[in-house]
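All chains, please: the whole structure from these sequences, using the hints.
Protein chains: 2
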Amino acid sequence: MRNIIMQHRSIRQYKNIPVDEKDLNEILEAGTRASTTGNMQLYSIVVTRDEGKRKELSPVHFDQPMVMQAPVHLTFCADINRFHKWCEQRDAEPAYDNFLWYINAAIDALLVSQNVCLTAEAKGMGICYLGTATYNADQLIKILNLPNGVIPVAAIVMGYPDEDPGLTDRLPLEGVVHYETYKDYTDEDIDRIFAEKESLEETKQILKENNKETLAQVYTDNRYKKEDNLYFSKQYLKVLQSQGFMNHM
Amino acid sequence: MRNIIMQHRSIRQYKNIPVDEKDLNEILEAGTRASTTGNMQLYSIVVTRDEGKRKELSPVHFDQPMVMQAPVHLTFCADINRFHKWCEQRDAEPAYDNFLWYINAAIDALLVSQNVCLTAEAKGMGICYLGTATYNADQLIKILNLPNGVIPVAAIVMGYPDEDPGLTDRLPLEGVVHYETYKDYTDEDIDRIFAEKESLEETKQILKENNKETLAQVYTDNRYKKEDNLYFSKQYLKVLQSQGFMNHM
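Keeping their order, the protein sequence lines are chains A and B.
Start counting at 1 in the first sequence, then tack on 107, and there's your number in my numbering.
Start counting at 1 in the second sequence, then tack on 107, and there's your number in my numbering.
Read the hints as simulated data drawn from the structure, not as lab findings.
Treat the hints loosely; a few may be bogus.
Intra- or inter-copy, both count: the list cannot distinguish identical chains.
The calculated lysine to aspartate or glutamate pairs, modelled on EDC-like cross-linking and capped at a C-alpha distance of 20 angstroms, are [claimed, not checked]:
id, residue 1, residue 2
1, Lys345, Asp204
2, Lys332, Glu320
3, Lys160, Glu128
4, Lys249, Asp291
5, Lys304, Glu195
6, Lys304, Glu136
7, Lys319, Glu200
8, Lys290, Glu195
9, Lys304, Glu320
Please read these numbers as outputs of a predicted model, since none were measured by experiment.
Below you can see the structure in the form of structure tokens.
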């Protein structure tokens, strides 16, 4: 177990080999064993394998080549639609169409997604999370035909790796763990915690390519810029509203 | 791997045995190997072991006995504070204090939490997610001293099980998986998908105890009521604002 977890790397190049139906079912079933709020299973998984459908998804995920390369694409959605329908058919009045239940449903969906990823990796496959699932949620809703009460939270591609990358660096454990209470970071703490990352050969290469003085500037000026952050942030809030997760009356 | 995942049950009774320091470190380290948005690790884990501190946490989690029984309590937080501090110290202007980045950070935190849970289970421990982490986020912020840019997303208790419950029922796979596009549920679909759950002996017992006609009514009238949902929903949105995740200018 721990070996699989410790060896995780995102895979961005895939072999042209389909995922066996039996394997996929076992992977998805492992997903459903994750903890879920009140055993309500407030999520849905949309499996996309059809090439035409993956072509539609490609621009949503900024045309990253792995979307077309990987044979399986999974979109994990927060879903209160099924539960609401069940309640309405059973003489019960559901009220899960609010922000708290978006969060509960998103938690459900994400625990499922991680179980799915680890089970796929244990079977020799690779995965990569696509952050773009929330960026362009409105487009995903159209392409995947998601009804009111359903919103994308995460997406992954899955398949057999055609690359063997090394592990990505991580901050030292002390950088992300606090004991008893949160100890806020002093300037010295920040220097120490980020020292290893900043001294990597890879980081120096990134600075040169991006013509920047610090790695932080690569994030703020190039990778995740203020104007994009604000645009996609407002977009997702709008979609939360229009999909029916913001009824607070 | 799949065995551990398939055997997961939430554990609510714990033995009075501490968790070894080395085990805890290995579990937390396994957490940090999870996928993370742009390798930014936008989360913090607060470890609570001190009995006095756990007593403070107990009412936040509605005084469920497992909070005092389990030797380790972990609060998983979305954290943009550390990253912002790093940017500011490196002549970069961060703009991650908005809703999109709350979601990205929450995703990061939840993938970490599931890695942590599975690694603990592989070591013979048990865990239980506490949904209350979002309900009473404001109280957690005070008790755990969380600064601006940090907000609780999930909490778990962890320790050695003092019970051996069976697996909890789940909806059949066809109830939560869609192929190519989302097929909305007909009345017949809902009947079929929920049939097994509704026919369980346990469900009949719950109906009798709660004096209800349908299991859905137990959810809407007793477990997760409209007034509570709305109250905690508004509360969490307020906390998102006050912790600095809603700056959209």
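Verification of the supplied hints:
When the C-alpha separation of lysine 345 and aspartate 204 is checked against a cutoff of 20 angstroms, the pair qualifies both within a copy, at 14 angstroms, and between copies, at 17 angstroms. For the identical chains of this complex, lysine 332 and glutamate 320 are intra-copy neighbours only, at 17 angstroms inside a copy versus 53 angstroms across copies, given an alpha-carbon limit of 20 angstroms. Taking the shortest Cα distances, lysine 160 and glutamate 128 sit within 20 angstroms of each other inside one copy (18 angstroms), while across copies they are farther apart (49 angstroms). Taking the shortest Cα distances, lysine 249 and aspartate 291 sit within 20 angstroms of each other only across copies (14 angstroms), while inside one copy they are farther apart (43 angstroms).
In this assembly of identical chains, lysine 304 and glutamate 195 lie within 20 angstroms of each other by CA distance solely across copies; the values are 17 angstroms between and 53 angstroms within a copy. In this assembly of identical chains, the alpha carbons of lysine 304 and glutamate 136 lie at most 20 angstroms apart only when taken from different copies (17 angstroms versus 37 angstroms within one copy). In the homo-oligomer, the alpha carbons of lysine 319 and glutamate 200 lie at most 20 angstroms apart only across protomers (13 angstroms), although the nearest pairing inside one protomer, at 56 angstroms, exceeds that limit. When the C-alpha separation of lysine 290 and glutamate 195 is checked against a cutoff of 20 angstroms, the pair qualifies only between copies, where the shortest distance is 18 angstroms, while the shortest distance within a copy is 47 angstroms.
Taking identical chains as interchangeable, the C-alpha atoms of lysine 304 and glutamate 320 lie at most 20 angstroms apart only when both belong to the same chain, with a minimum of 14 angstroms there against 59 angstroms between chains.
Checked against the numbered hints given earlier, this structure breaks none of them.
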